[in-house]
Structures are given as structure tokens and as C-alpha cells.
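Undergrad: Here is how the chains run, residue by residue.
Number of protein chains: 2
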Amino acid sequence: MDELPGPLGTSASLALRLGQAIFSISSLLFMCLDVEFYSYTAFCFLVTIMGLVIPWSLTLALVDAFSVFVKRPTIQPGIMSIVVMGDWVLSMLSLAASSSSASVTDLLKASGGSFCTAKLCSRYQLSAAMAFLSWFLSLASSLFNLWLLASL
Amino acid sequence: MDELPGPLGTSASLALRLGQAIFSISSLLFMCLDVEFYSYTAFCFLVTIMGLVIPWSLTLALVDAFSVFVKRPTIQPGIMSIVVMGDWVLSMLSLAASSSSASVTDLLKASGGSFCTAKLCSRYQLSAAMAFLSWFLSLASSLFNLWLLASL
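First to last, the protein sequences are chains A and B. One point on numbering: in UniProt numbering, the residue at position 64 of the first sequence is 64, and numbering is uninterrupted. One point on numbering: in UniProt numbering, the residue at position 60 of the second sequence is 60, and numbering is uninterrupted.
It cannot be assumed that every hint is accurate.
To be verified - With a cut-off of at most 20 Å between alpha-carbon atoms, the simulated EDC-like pairs for lysine to aspartate or glutamate come out as follows: (1) B/LYS119 x B/ASP106; (2) A/LYS109 x A/ASP34; (3) A/LYS109 x B/ASP106; (4) B/LYS109 x A/ASP34; (5) B/LYS119 x B/GLU36; (6) A/LYS109 x A/GLU36; (7) A/LYS109 x B/GLU36; (8) B/LYS109 x B/GLU36; (9) A/LYS119 x A/GLU36; (10) B/LYS109 x A/GLU36; (11) A/LYS119 x A/ASP34; (12) B/LYS109 x B/ASP34.
Quick caveat, the hints were computed from the structure, so don't treat them as lab data. Treat the numbers as computed from the prediction; the structure is a model and nothing was measured.
Modelling step: build the complete structure from the supplied sequences, incorporating the hints.
TA: Right, here's the structure in full:
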């Protein structure tokens with residue numbers, strides 16, 4: 001299974017991690033440069049999860065960068081299990097957070113502008129879309145890593 | 001990896017599939033024995049996804065029952081890939097559907113009973129909870145099957 005492109009310690013994995021971090025940070029910024037998100041549980045959930053995804057992705061991006069540019073360490077099954085578990089949990093949570101905030105945004109928008117202005121609504125939408133993209137990349141990472149772990 | 005309890009064709013898998021079917025059916029019933037769900041995109045999404053999960057789980061439950069009670073067929077990687085793909089897609093979709101309907105229910109409930117009566121709100125909540133349980137069992141099935149596929 002050495003030909004699979006994305007597991008921990010490769011440049012593809014580094015690209016995936018950086019993408020996750022960028023999308024999570026932009027989702028967080030779209031949501032947080034504004035104070036009204038405290039009123040909605042779904043938006044608070046999204047902010048919490050994005051606040052968890054960012055340090056996780058950045059840490060693993062550092063590991064990948066070290067592995068690509070300096071020296072490739074041997075992959076230990078124990079550490080891989082922790083990475084796979086964390087990836088899975090975070091990707092599930094970010095899927096849940098992004099879909100719930102997307103549906104809440106949809107509901108707020110459908111209620112005809114009485115709960116959010118057009119600018120605010122499109123900001124919520126952008127935030128949910130960024131969270132979806134971050135979930136997608138995180139799912140790709142976790143699939144590659146799970147596959148690597150299972151074939152170790 | 002023969003000691004893993006849940007892949008396709010075992011009695012544990014049969015139990016998981018039956019649980020998925022039961023929880024999806026109850027989620028669908030809690031949502032559909034009522035006509036107001038058409039107004040909310042998240043609830044329509046939940047109904048659609050549950051309508052996909054039910055035939056999928058029942059079909060695979062039949063396969064499992066045949067395999068347990070009649071004759072165990074040899075597992076072919078091609079068929080297993082299709083099963084794993086379908087399981088993954090459905091479990092992702094049901095997580096998204098259940099979390100979005102849970103957040104919409106929460107928002108409707110927080111708005112103080114002007115959009116749904118207390119009885120209707122608790123019914124939406126029960127439906128979302130059943131969808132979460134169905135997602136959890138479907139995640140377990142797909143993890144077991146993916147693990148089996150990777151170790152084939």
C-alpha cells in the first residue's frame with residue numbers, strides 16, 4: 001500500500017492539513033468577526049469545533065513538514081492509531097457542526113430577514129461552506145490514515 | 001482479523017443492520033406522522049436520507065440472515081467495496097441529516113413555541129435522536145466492513 005498518496009508524513013498529507021487549517025480559520029473568522037453567533041447553539045458548536053480542528057491540523061502539518069523536509073521517521077502503529085482516532089472524531093464533529101450551522105442559516109434566511117440581515121446571512125453561509133470544505137479535507141486525511149493503519 | 005465481530009455475514013452485523021432499520025423507521029415515523037415537516041429543508045433532508053437508509057439496511061440484513069442461517073458465502077472484495085462505499089456515504093449523510101434536524105429543532109424550540117407546539121417539538125427531537133442512533137450503528141457497520149476490506 002506504499003503507492004497510496006495521502007498518509008501521515010507525505011507531502012500530500014501536508015497539503016491536506018494546510019488546507020484544513022486554512023478553511024477552518026476562514027470559517028472561524030467569518031463566524032466570529034461578529035458578535036451575534038452566541039444566540040445560536042449551532043453556531044457556538046461550529047466555533048468550538050473549528051477551534052479544535054485548527055490546532056490539530058496545524059500540529060499534524062508541522063509533523064508532516066518535518067517528515068517531508070528534514071527526515072522521514074518510521075511510522076509506529078500506536079501513534080498512527082491516535083492520529084486516526086483524532087482525525088475520525090474531528091471529521092465527524094466538523095461534519096455535524098457544518099451541517100447544523102448550514103441548516104440553521106437556511107432557516108434564518110427563509111424567515112425573511114427578520115433574524116439576520118442579508119450581509120450577515122451570507123456570512124453565516126460562507127462560514128458553513130468553509131466548514132464543509134474543511135470537513136472534506138479532514139475526511140480524506142482520515143481515510144488515507146485509516147487505510148495505512150489497517151495495512152500496517 | 002477473523003476475530004473482529006462485525007463484518008458482513010455475521011450475526012453481529014445482522015444485529016447492527018436490524019438496529020439501523022428499526023431506528024430509521026422510528027425516526028421516519030416520528031417525523032412523518034405529521035404534515036408540517038415540508039416547511040423545513042432540514043426535516044425534508046432527514047426524511048429523504050432515512051428513506052434511503054431503510055431499504056439499504058433491510059437488504060443487507062437479508063444478506064446477513066442468509067449468511068448466518070443458511071450458508072456462508074465467500075466474501076468478494078468487489079462486493080465488499082460497494083457495501084463499504086454505500087455504508088460510508090449513508091452514514092455521512094445520516095450524520096449530516098440528524099445533526100441539522102437537531103439544530104433546527106433546537107432553534108424552533110428556543111423561539112418559544114411560536115413555530116411548534118411542545119408536543120410537536122418533542123416529536124422532532126425524538127426523530128432527530130432516533131436518526132443519531134441509526135447513524136451510530138451505521139458507523140459501526142461501516143468501520144467493521146472497512147477494516148475487513150483493508151485486511152483482505
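Undergrad: Each of the hints needs a verdict: does it hold here or not?
TA: To see whether the hints hold, each was checked on the structure:
Pair hint B/LYS119 plus B/ASP106 holds up; C-alpha atoms about 14 Å apart against a cutoff of 20 Å. This hinted pair checks out: A/LYS109 and A/ASP34 have alpha carbons roughly 17 Å apart, not beyond 20 Å. Our distance criterion of 20 Å between C-alpha atoms is met by A/LYS109 and B/ASP106, whose separation comes to about 16 Å. Taking the CA atoms of B/LYS109 and A/ASP34, the gap is about 24 Å. The hint is violated against a cut of 20 Å.
Distance hint between B/LYS119 and B/GLU36 is fulfilled; the C-alpha atoms sit about 13 Å from each other, no more than 20 Å. A threshold of 20 Å between alpha carbons decides the hint, and for A/LYS109 with A/GLU36 the separation of about 15 Å falls inside it, so the pair holds. Between A/LYS109 and B/GLU36, the direct Cα distance comes to roughly 19 Å. Compliance with the 20 Å bound is thereby established for this hinted pair. Straight-line distance between C-alpha atoms of B/LYS109 and B/GLU36 comes to about 15 Å, which keeps the hinted pair within the 20 Å bound.
Between A/LYS119 and A/GLU36 the alpha-carbon distance is near 13 Å, which keeps this suggested pair within the 20 Å criterion. Our distance criterion of 20 Å between C-alpha atoms is met by B/LYS109 and A/GLU36, whose separation comes to about 19 Å. With a C-alpha separation of about 11 Å, the suggested pair A/LYS119 and A/ASP34 falls inside the 20 Å cut-off, and the hint holds. About 17 Å separates the Cα atoms of B/LYS109 and B/ASP34, which keeps this hinted pair within 20 Å; it holds.
Consistency note: the structure conflicts with earlier hint 4 alone.
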